[in-house]
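S.K.: Sequence:
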Amino acid sequence: MRRLFVLAMMLVLAQGAMALSLWGAEINGLEVGTGLLWIRNTVENSAPDPICNTFEVSVPFRIQNFWIFRPEAQMFFQTYGYQNGRAIPVESMFDSVSMMGLLLNPTFGAEWRLSPYLRTYAEGGIGLLFRLPVFLNGTTAGSMAGPITAWFAGGRFLYPNLGGGLSWQFSPLLALMLRGQVFYPLFNLWDQLPWDDELTIGASVGVRFTF
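The numbering used here runs 107 ahead of the 1-based position in the sequence shown.
Derived by calculation from the structure, the hints in this document are not laboratory data. Hints are all accurate, no fakes.
So the derived label-pair ranges between C-beta atoms look like this:
no., residue 1, residue 2, range
1, Arg220, Pro267, 24 to 34 angstroms
2, Ile170, Ser222, 13 to 23 angstroms
3, Tyr224, Gly249, 51 to 61 angstroms
4, Leu296, Ser250, 23 to 33 angstroms
5, Thr247, Ile170, 46 to 56 angstroms
6, Leu281, Gly192, 47 to 57 angstroms
We put the CB at the ideal spot given by N, CA and C, even for glycine.
Generate coordinates for the entire structure from the input sequences, incorporating the hints supplied.
M.R.: Pasting the structure below:
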């Protein structure tokens, strides 16, 4: 799974690099981090709102020393069941399918210098969240894996998002990154689900290795 994650990230970054080179963009470094995703679950009598650990990789491209293009990838895991024609979060003690979430999210925004070492930024993007089954738990999990995967693949992977954060350049080569993001499940607009079902809020901390 790590190889799949790295390959997907390389493809996103390669496309971004080729496009941005035409605009004279400069690669600002490599960012790695970890964080938490809170996912809203509106289904009654199911699991509480999931909180997932994430691993993140991104590469910021600085344009004219103000604009920032940041293609990123995030990976996390969550268990799901299948009831009433849809995937729902369930606790791992029940029959379930562990799904790997792979979020590919190119963002664009602006960055402001607060001091010689401190910057703040705001950004937005449209993320693509792909979910793949990686582990089956229980006797009925095998029959749920296909429907769960198909449910998410049926247009339920578009997540427009807004975010922002701070960076502290505490050494010439390293910067501390603090970041927050809100992801809206666009498919709720046509899926007749509550507006906040699968709404996702993320917070992360990371390090930028400055080139």
